[in-house]
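Novice: Here's the letter readout for the chains.
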Amino acid sequence: MNQSLRNLLKEWFAKAKHYLRAIWLENLKEWKIELTYKPDFIRGLIDPLVYALPYLLYGIALVGGRTSENLNRLVGTNDLITFVTLGYIFVGFLNMALWAMGFALRKEQHWGTLEAVFAAPVPRWVFALGMALHSTLHQGLMIFLQIIVINLIFKLTIHPQGILPSLVVIGLMLIALYGFGLMIASLTLILKQGWLVSEALSGIMMIITPIAYPLSVLPVFMQKAALFLPTTYGVMTVRHFLIGEQMGFSLWTSFLRLVILGIFWVGVGMLIFEIIDRRTRRSGTIAHY
Amino acid sequence: MGYAIEVNNVIKKFKRGSGLKKREIVAVNNATFEINEGEIFGLLGPNGAGKTTLVRCIATLLIPDSGTIKIMGKDVLKYPLFCRRQIGLLTSGERTLYWKLSAKDNLKFFAALYGLDKKETEKRIDYLMELLGLKEVQNERVEKYSSGMKQKVSLARALIHDPKVLLLDEPTLGLDPQFARFLRDFIKNVLNRQERKTILLTTHYMDEADELCSRIAFINQGRIVDCKTPEEYKRDLPHSEVLEIKTTLITNAKELEENLSKIPTIEKVNITTQNTITHFKIILPRAEQVLSDVISEVQKYAKILAIDVNEPTLEDVFIYITGRRLTEDTKEELELE
Numbered sequence: 031m032n033q034s035l036r037n038l039l040k041e042w043f044a045k046a047k048h049y050l051r052a053i054w055l056e057n058l059k060e061w062k063i064e065l066t067y068k069p070d071f072i073r074g075l076i077d078p079l080v081y082a083l084p085y086l087l088y089g090i091a092l093v094g095g096r097t098s099e100n101l102n103r104l105v106g107t108n109d110l111i112t113f114v115t116l117g118y119i120f121v122g123f124l125n126m127a128l129w130a131m132g133f134a135l136r137k138e139q140h141w142g143t144l145e146a147v148f149a150a151p152v153p154r155w156v157f158a159l160g161m162a163l164h165s166t167l168h169q170g171l172m173i174f175l176q177i178i179v180i181n182l183i184f185k186l187t188i189h190p191q192g193i194l195p196s197l198v199v200i201g202l203m204l205i206a207l208y209g210f211g212l213m214i215a216s217l218t219l220i221l222k223q224g225w226l227v228s229e230a231l232s233g234i235m236m237i238i239t240p241i242a243y244p245l246s247v248l249p250v251f252m253q254k255a256a257l258f259l260p261t262t263y264g265v266m267t268v269r270h271f272l273i274g275e276q277m278g279f280s281l282w283t284s285f286l287r288l289v290i291l292g293i294f295w296v297g298v299g300m301l302i303f304e305i306i307d308r309r310t311r312r313s314g315t316i317a318h319y
Numbered sequence: 012m013g014y015a016i017e018v019n020n021v022i023k024k025f026k027r028g029s030g031l032k033k034r035e036i037v038a039v040n041n042a043t044f045e046i047n048e049g050e051i052f053g054l055l056g057p058n059g060a061g062k063t064t065l066v067r068c069i070a071t072l073l074i075p076d077s078g079t080i081k082i083m084g085k086d087v088l089k090y091p092l093f094c095r096r097q098i099g100l101l102t103s104g105e106r107t108l109y110w111k112l113s114a115k116d117n118l119k120f121f122a123a124l125y126g127l128d129k130k131e132t133e134k135r136i137d138y139l140m141e142l143l144g145l146k147e148v149q150n151e152r153v154e155k156y157s158s159g160m161k162q163k164v165s166l167a168r169a170l171i172h173d174p175k176v177l178l179l180d181e182p183t184l185g186l187d188p189q190f191a192r193f194l195r196d197f198i199k200n201v202l203n204r205q206e207r208k209t210i211l212l213t214t215h216y217m218d219e220a221d222e223l224c225s226r227i228a229f230i231n232q233g234r235i236v237d238c239k240t241p242e243e244y245k246r247d248l249p250h251s252e253v254l255e256i257k258t259t260l261i262t263n264a265k266e267l268e269e270n271l272s273k274i275p276t277i278e279k280v281n282i283t284t285q286n287t288i289t290h291f292k293i294i295l296p297r298a299e300q301v302l303s304d305v306i307s308e309v310q311k312y313a314k315i316l317a318i319d320v321n322e323p324t325l326e327d328v329f330i331y332i333t334g335r336r337l338t339e340d341t342k343e344e345l346e347l348e
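Quick mapping for you: the protein sequence lines, in order, are chains A and B. Using our numbering, you'd call the opening residue of the first sequence number 31 and step up by one each time. Using our numbering, you'd call the opening residue of the second sequence number 12 and step up by one each time.
Keep in mind the hints are simulated off the structure, nothing from the lab. As the structure is a prediction and not an experimental result, all values here were calculated from the model. Incorrect hints may have been included.
Derived SDA-like pairs (lysine to any residue); straight-line CA-CA distance at most 25 Å [claimed, not checked]: (1) B:LYS89 with A:SER34; (2) B:LYS115 with A:ARG51; (3) A:LYS222 with B:LYS85; (4) B:LYS292 with B:PRO323; (5) B:LYS111 with B:SER157; (6) A:LYS137 with A:THR315; (7) B:LYS134 with A:ARG51; (8) B:LYS89 with A:GLU145; (9) B:LYS130 with B:LYS146; (10) B:LYS129 with A:THR315; (11) B:LYS24 with B:SER77; (12) B:LYS85 with A:VAL147; (13) B:LYS85 with A:ARG309.
Make a model of the complete structure from these sequences and hints.
Specialist: What follows is the structure, given as structure tokens:
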């Protein structure tokens with residue numbers, strides 16, 4: 031190995047170490063700040079449970095038990111409770127991208143620290159990945175607690191061998207969702223009421239993503255729109271692995287589309303982030319709150 | 012020794028308002044200057060003169076409309092990461108730290124952003140906390156600190172990566188006099204003399220600029236109007252004295268200003284009114300030559316409370332050059348800050 035290549039590799043490793051440490055410390059900083067608001071933190075952990083339980087109880091009341099023959103006919107499994115609980119996990123991931131990650135920069139603006147952070151020698155995407163890591167871990171903790179409690183109440187039945195491939199699917203889906211998070215995060219820098227965008231997007235995505243119902247019950251145009259969302263493939267493939275949902279497309283198709291959507295949404299997110307970053311640096315509104 | 016900062020023909024405009032009321036404000040107008048390595052360079056001008064805008068352009072937080080800026084020889088737009096690594100930025104205002112974190116946790120986070128590893132981070136934090144007298148309270152949340160202590164932590168943050176260049180934007184603004192004194196001594200003796208850092212200091216306090224800076228650029232309405240050493244500025248006033256008059260019950264300030272300007276040998280008249288008190292600063296070669304004429308003219312329009320003749324200060328030089336005081340500001344300009 032010649033000297034210049036060795037130097038190049040050394041430089042690359044030093045840079046990677048720098049960026050990884052910055053991502054980790056950004057995540058730690060968020061945890062530390064969050065834990066100073068203890069009641070809020072606890073409320074955040076309970077929230078998903080409070081929102082999911084009515085869905086489940088409503089389902090039981092309607093079908094007269096935890097199994098549904100109609101569901102079985104539509105997707106090949108009759109366990110309504112596990113079907114909805116698994117679907118509801120994905121609401122958490124949507125919230126992660128559209129709210130937690132999406133509003134991270136707005137929070138920095140509010141605290142007055144955004145300029146200090148943006149004056150540091152790291153690309154903006156490093157900071158964005160730090161936000162993403164924290165949001166994912168936070169959401170992961172909430173989802174874990176949600177599943178534990180619902181399992182204690184309803185005894186969920188899943189195929190344990192499907193857990194590992196499900197985590198891979200969730201990982202792929204998260205990449206695409208980070209693209210959404212980046213997009214929202216940058217929009218909050220120029221829109222005073224950025225929450226409206228999150229509100230609208232999360233509303234639409236929660237309806238179109240087959241969370242508490244099979245994809246086939248949606249009107250045809252909605253089914254077509256759902257095929258552009260990573261959460262559709264995420265929820266259906268995970269349920270396929272864990273409870274045998276019939277998806278209407280192959281596993282190969284699902285993985286391929288998740289990869290394509292990941293590349294597409296991260297590309298869109300980064301492009302919009304870059305454009306808005308340049309725009310705020312031109313207009314001088316980067317620190318305006 | 013080369014230049015640490017080079018600013019060439021920088022123009023920065025902002026659009027303000029909306030619809031028909033939309034207008035363009037020139038915040039920085041063709042600014043050009045160089046700062047030598049190891050120098051303390053002052054940007055002196057009233058609020059809203061364009062100082063902060065210029066600092067933000069240098070710190071890569073704003074993109075100029077035209078012109079170039081170089082840090083240690085590299086263009087800030089082409090090499091933003093390199094340039095940011097060379098710079099430590101300290102802005103005025105308390106809300107530039109995470110108040111819910113301790114000083115130490117704040118510094119740890121920023122050290123990571125600047126690429127310091129764990130060992131270097133601990134070493135730098137220990138050094139800076141000791142140097143700034145924050146060792147005892149470094150684990151307390153920033154929200155519990157006084158304004159002065161918060162500014163010390165902000166300074167530690169700007170210094171965490173041991174930058175070659177420091178951008179200090181109104182560092183003593185809003186601080187009590189005792190802490191402002193500490194900070195000035197620290198900038199001069201520790202940061203510049205001991206650590207040989209290049210410092211760009213923006214201020215509208217003339218004493219601060221006079222005391223700290225080896226060279227000062229006067230900035231007014233976005234333009235660099237002059238750039239010299241403090242001694243050169245004072246020397247260049249043509250044998251001037253400053254006649255200061257404090258009055259009350261003034262009837263027509265504008266007319267009085269015009270009449271005073273007509274008195275032979277008077278070079279500049281500046282009037283400011285605060286509440287019911289009006290201050291006159293009259294720059295002229297020898298006050299005693301025209302003192303009786305000035306007094307009789309002023310008495311026609313106001314009641315004189317006090318008269319004083321002084322050596323010119325940097326503020327007087329600023330008035331001589333721009334016709335404005337450093338403490339003046341305009342509504343439109345303030346929108347930019």
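Novice: Indicate, hint by hint, whether the structure satisfies it.
Specialist: Verification of the hints:
no.	hint	verdict
1	B:LYS89 with A:SER34	holds (23 Å)
2	B:LYS115 with A:ARG51	holds (17 Å)
3	A:LYS222 with B:LYS85	violated (35 Å)
4	B:LYS292 with B:PRO323	holds (10 Å)
5	B:LYS111 with B:SER157	holds (14 Å)
6	A:LYS137 with A:THR315	holds (15 Å)
7	B:LYS134 with A:ARG51	holds (17 Å)
8	B:LYS89 with A:GLU145	holds (20 Å)
9	B:LYS130 with B:LYS146	holds (18 Å)
10	B:LYS129 with A:THR315	violated (34 Å)
11	B:LYS24 with B:SER77	holds (10 Å)
12	B:LYS85 with A:VAL147	holds (21 Å)
13	B:LYS85 with A:ARG309	holds (23 Å)
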